[in-house]
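Here is how the chains run, residue by residue.
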Amino acid sequence: MNIYRSSGGGNRRTRWHRRTLAVAACASLVSLSIVSAGIGATGASAAKKPTITIWYDTARKSMVQAYIKAHPKVHVVAVLKDGDSNGDGTYQSAFALDNRVGHGWPDIYFSEQNNDAASLAQAPFNDAAVLNKGLISKSTLAKFAHGSAALCTIGGKVYCLRNDLAMNVLWYNPTLMAQDGITSVPTTWQQWATDGALAAAKGDIIGTQGDSWDADTYYWGNECPLSQETSPGTLLINPASTNCTAMASLLDGVSRTALPVAYMFSSTFGQQYGGKIVFYPGASWMGGVFPGLGSCTSANPDCKMAAGYPLTFSSSGPAVTGAIGGGLWFVSSHSKNLKLAASAVVWLDTSLTSQNLSPGFPAYGPDDAPWVATQDASGSYATPLSGQPTLSQAFNKAANEIWSGWSAVPYANDQIWASDVVPSLATGGTQAAGLGIFASDAANLARSDGFQVHS
Amino acid sequence: MKLSHFTWRIVGLIVLLGFTAFFFVPVIWVLLATTKTDVQLTSSGPFSLGTLSHFVHAWKALFGFQSDAMVGWLENSAIYSFGGVAIAIIAAIPAGYGLALTQFIGRRTLLAITLVTMIMPATALVLPLFLEMNSVNLTDTPWAVILPFSFFPFGVYLCYIFFSSTIPKDLLSAARVDGCNEWGVFRYVALPLARPVVALVAFFAFVADWNNYYLPFVMIASNSKLPVQVGLEYLISSTEAFNPGNPGTGAQLVQRPELALAILVAIAPVAIVFMFAQRTLVKGMLAGATKE
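The listed protein sequences derive, respectively, from chains A and B.
The opening residue of the first sequence carries number 7 in my numbering; numbering runs sequentially from there.
The opening residue of the second sequence carries number 144 in my numbering; numbering runs sequentially from there.
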């Protein structure tokens, strides 16, 4: 006996129940059939070709596409990743799992994280392959910009190739300079600081302090040893060095009107400072960013900047600069086709076809000139003042002045600066005090990563 | 001085309005952000309205990102979520019924285990699950996400509460007296009455599955199989404002308005399911609350 079939309500419920079961069954069947078919299944013909897996970030998509087009006999599995950006450890998490299960590694991968060589080349990840011991020729490696391999080199072994450099130059706004009564582009940090008073009088700024990249700009750019691996496993962190204290003292001497504590990519920066940036010591890629800030528009010539040579601490100071960003190509030591993987990295990093699609200044020297010519023609930059370098001259000089004493470490220096020093600066703390905070926190992290720290 | 009833009502109203504003202000900001350009977003007032053309531009840019990746992410999320929900319901309803209305050895232990797994953080199980899936060669397949999704102890517990408090045991006994076997009692008596709790379990499972980030992040390696929650992370890392050290991300057409739109698109399915299931959900939540 069916107690529900005797009533109208029971019939409705039974119908509902049957419908529910039918819908559930259909949903299951549909999902199972889709699952069984395999999402994104690859064609059978792909199996006959040698295969490499490339992990890339959004900005490298066109380069990877160019590689696929130029190499029809290679089957490329291109996988979009976040580029291990902002120190989020995506690659480290992936390699920890891959190492545990014994598969899943890519053949080559792109990282936006400058310190990745320091972690990915060593335990527990042990993934980055050594490139300068037979995988890539010395003649190819020699054509990269001087110092560009510093962040990839550990104990004499090169674990990655720089794709693009993000060397710091002095960006200047010719229109605002004239309005503020600044007659020449500064060449030293002291001149730049002095010009700060003229800029501040008109409400303009000569840079910022409060970005995560402060240390990369001011301290890396003055040979301040805050992250210097003097020998394998030994790290020099010496905030008391004259190179550090002199720069901190100079920065503390500039008014906060001229050098505000502000983050360039904050929601209020453009509104507050767009169109007021007379100087900005910063990375080569920033030139295209200024015109889009807040009250600036790309059509407003007053917001365009020209690139000057990197500042030196004094007329006799070291001609060095720092870098903010840039990317790295790695070959996985777990690749089953190391030669093909290495040749792919070389093609992506050195061929003009690929580098012309790169958004950053190529680290591979022979590609620089055509890349800069393309940038020059874009109309994003101001015309240099008389006697000042062209974009190409400024970029090339800066590219070869990146100080190699700023070593890659497994922790992120930028994050220490952003989380520990910037709050101090924002509440009125000095750069001198910030140096101490940074050094203390960096030393603790370095020790926990197995470094012997000395000062 | 004693405050009058009217004054208390005014105070209550102000507090409620305050909380309403607190929770709605971010939502309104996100909605308005989709109508502006990136520059307007940082330079105009936070609650100023942009234009429809900017919204259209953001829509095109978002769905054009990485060759329509967003559509693929949404499809994958739907497959994983509906697949997980379907199996979770098929497993949870009989399990809750069995725990509530039948007697067997180990029933209490099983119930205790259900409770323990329910309060255990889902992320704590992801790594053991990864190793388990790898041992049967299921990593980087949709099964690696669907099967763990279908494990839904909260649903079992909801069903247990429902069946133990709402279905009169006398009704089941009457069915048995009338000749129903145990399957018939479940199939023709208990299950039709369980409609509200089925909807409730389905909704909670769907929300949990749709919003899950970490499990598919670990299990899935191929782009073509990523769900929308993991895809959102790629969108963030492709936005210049959130990844300034990576030159060229700005040229990828994804800026903050597109990101705001992506958030709205990602939560839309949950909102739609909630709107359609609202009445049934309330019934399910109140089931067993009173006895008449």
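Bear in mind the hints are in silico, worked out from the structure with no lab data behind them.
None of the values given here were measured: they were computed from a predicted structure.
Hints should not be assumed to be uniformly reliable.
[Stated by the list, open to error] A partial selection of chain B residues facing chain A, derived with a Cβ cut-off under 10 Å:
#1 Phe206
#2 Phe208
#3 Asp211
#4 Leu274
#5 Gln372
#6 Leu378
#7 Ile379
Every residue gets a Cβ at the ideal spot worked out from N, C-alpha and C, and that includes glycine.
Hints, verified against the model:
Hint status for B:Phe206 relative to chain A: violated, with the closest Cβ pair at about 15 Å, above 10 Å. With a least beta-carbon distance of about 8 Å to chain A, the hint placing B:Phe208 at the interface is held under the 10 Å criterion. Because the beta carbon of B:Asp211 sits about 13 Å from the nearest beta carbon in chain A, more than 10 Å, this interface hint is broken. Taking 10 Å as the C-beta cut-off, the interface hint given for B:Leu274 holds, the closest approach to chain A being about 7 Å.
Evaluation of the B:Gln372 hint against chain A yields a violated restraint, the C-beta minimum of about 13 Å exceeding 10 Å. A hinted interface residue such as B:Leu378 counts as satisfied when its beta carbon comes closer than 10 Å to some beta carbon of chain A; here the least separation is about 9 Å, so the hint holds. The interface hint given for B:Ile379 holds, since its Cβ lies 8 Å from the closest Cβ of chain A, which is under the 10 Å cut-off.
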